[in-house]
Amino acid sequence: MLQVLIKYITMFVVLVLMQVLVFNQVQFSGYVNPFIYILFILLLPLSTPHYLLLFLGFFIGLTIDAFSNSLGIHAAATVFIAFIRPFVIRSISNREEDRSEYPGLKQNKFSWFLYYTFIMVFIHHFILFYLEFFTFSHFFTTFLRVILSSVFSIFVIVLSQFLIFRE
Amino acid sequence: MRSLVRYLLKNHAFVLFVLLETLALVMVFNYNSFQKAKYLNSSSRLTGNVYNMFHSVTGYFGLAGVNEELAGENARLRTLLENHGGKIAGVDTMFVFAGETNTVFRFVPAMVISNSVNRPSNYITLNKGSKDGIKPDQGIISPKGIVGVVAQVSESYSMGLSLLNRRWSVSAKLQKSGYYGSLIWQENDYRYAGLTEIPLHVEIAKGDTVVTSGYSSIFPEGILVGTISNFSRPDGDNYYSIEVELAVDFKSLSYVEIIENQDKQEINELKNMLRDAPGID
Chain U
1 MLQVLIKYIT
11 MFVVLVLMQV
21 LVFNQVQFSG
31 YVNPFIYILF
41 ILLLPLSTPH
51 YLLLFLGFFI
61 GLTIDAFSNS
71 LGIHAAATVF
81 IAFIRPFVIR
91 SISNREEDRS
101 EYPGLKQNKF
111 SWFLYYTFIM
121 VFIHHFILFY
131 LEFFTFSHFF
141 TTFLRVILSS
151 VFSIFVIVLS
161 QFLIFRE
Chain F
1 MRSLVRYLLK
11 NHAFVLFVLL
21 ETLALVMVFN
31 YNSFQKAKYL
41 NSSSRLTGNV
51 YNMFHSVTGY
61 FGLAGVNEEL
71 AGENARLRTL
81 LENHGGKIAG
91 VDTMFVFAGE
101 TNTVFRFVPA
111 MVISNSVNRP
121 SNYITLNKGS
131 KDGIKPDQGI
141 ISPKGIVGVV
151 AQVSESYSMG
161 LSLLNRRWSV
171 SAKLQKSGYY
181 GSLIWQENDY
191 RYAGLTEIPL
201 HVEIAKGDTV
211 VTSGYSSIFP
221 EGILVGTISN
231 FSRPDGDNYY
241 SIEVELAVDF
251 KSLSYVEIIE
261 NQDKQEINEL
271 KNMLRDAPGI
281 D
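Protein sequences appear in the order of chains U and F. Per this note's numbering: the first sequence = residues 1 to 167. Per this note's numbering: the second sequence = residues 1 to 281.
Some clues are possibly wrong.
[Unchecked claim] Output of the computed footprint for chain U on chain F, the stretches with three or more beta carbons under 8 Å from beta carbons of chain U:
1) 16 to 27
2) 120 to 133
[Unchecked claim] Think about it this way: if two alpha-carbon atoms lie no more than 20 Å apart in a straight line, the pair counts; the simulated SDA-like pairs of lysine to any residue are:
3) K251(F) / F126(U)
4) K206(F) / R233(F)
5) K251(F) / S93(U)
What the hints contain is simulated information worked out from the structure, not anything from laboratory work. The C-beta atom is built at its ideal place from N, Cα and C for all residues, glycine as well.
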């Protein structure tokens with residue numbers, strides 16, 4: 001139990017630091033802003049109670065907000081994906097096969113993980129960017145940002161599964 | 001009553017979701033009233049320390065450029081000093097008298113430990129805080145020109161709104177003609193901002209210099225903002241639409257100075273007195 005706790009706390013700290021120190025500085029023509037810290041919410045065990053999922057989502061969102069001075073914006077997006085996570089997992093999984101307790105790449109098929117990551121990342125980025133710009137006047141520019149940033153985030157998240165979170 | 005409790009328990013996740021989401025959105029839309037949320041911004045001790053530690057490592061990579069910029073600034077200041085025959089009051093902080101108005105400004109050097117240029121609202125974090133005399137609403141400048149304004153201060157760090165922030169605009173004037181307007185960032189490119197409220201009868205040209213107006217107590221008069229890179233006369237409008245190329249390269253900010261206006265309290269007291277005085281609209 002303690003071991004699991006330490007593992008997830010380490011993951012939380014590492015992902016937050018990676019996000020604010022490295023990925024927040026990434027800027028290709030101003031359109032690509034990857035947000036990889038939501039990997040923390042993606043990788044929590046399936047048996048995590050729904051209320052805990054929501055609290056953790058709120059907490060990691062607020063932490064990122066504190067670092068990037070965007071009070072509430074990340075929190076709103078992460079709480080939303082934390083809320084829909086169980087429904088997303090249920091809807092993209094086959095009823096017949098046994099679900100693994102962990103939604104990582106190693107425990108699941110590549111296509112399943114990619115699909116799962118795609119839905120969660122896209123919804124998160126969509127809420128985040130439209131809240132941040134808070135205008136629909138540049139609807140398509142913002143949408144382009146959502147798409148490009150999502151693609152980059154998904155790429156990094158899948159890559160990180162091959163490199164680091166293998167155990 | 002009991003069925004209500006049972007309903008809430010059964011749907012506790014949904015109720016919690018609505019609560020947390022509402023809390024987050026209230027924070028987003030009441031941003032200004034949450035300015036006082038001291039611990040939830042990059043000037044707090046934890047976030048400041050993280051940025052400071054990281055910067056103490058990565059800061060070395062840009063040193064060549066920083067040195068060049070500081071050496072250039074030194075040479076420029078020495079020229080000014082020799083030509084004025086003035087005296088330097090201190091090494092760390094310097095007192096200057098800005099023009100005819102006897103406003104005294106005090107400059108405190110600071111290092112940028114975190115900075116962004118690609119969000120719709122960009123902020124900078126500095127490694128000086130209340131123990132160095134930094135207070136909210138003090139101006140931030142770099143050797144090349146105006147950078148932003150301090151918004152939040154903790155003991156040893158401060159967070160400021162950069163010029164690249166739609167929540168803030170600054171009063172700027174054309175150096176040649178003296179006409180002034182507001183400088184507002186257009187949210188898409190960190191090199192350009194827009195200058196509004198310059199009437200159509202003023203003659204302007206590409207390359208004209210834009211400086212701070214000195215009408216606010218934040219910045220002294222005549223600090224460089226940028227040069228006019230493009231302008232047009234929108235149909236049916238009395239004002240130019242002017243694009244200003246900013247003098248400061250916000251992507252490579254390193255050392256900045258925070259300006260304290262020592263007469264600010266007096267100015268603000270006067271303003272309040274005028275506002276509260278009876279019979280004046």
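Hint by hint, here is what the structure shows:
no., hint, verdict
1, 16 to 27, "holds (count 9)"
2, 120 to 133, "holds (count 3)"
3, K251(F) / F126(U), "violated (26 Å)"
4, K206(F) / R233(F), "holds (14 Å)"
5, K251(F) / S93(U), "violated (45 Å)"
In summary, the numbered hints that this structure violates are 3 and 5.
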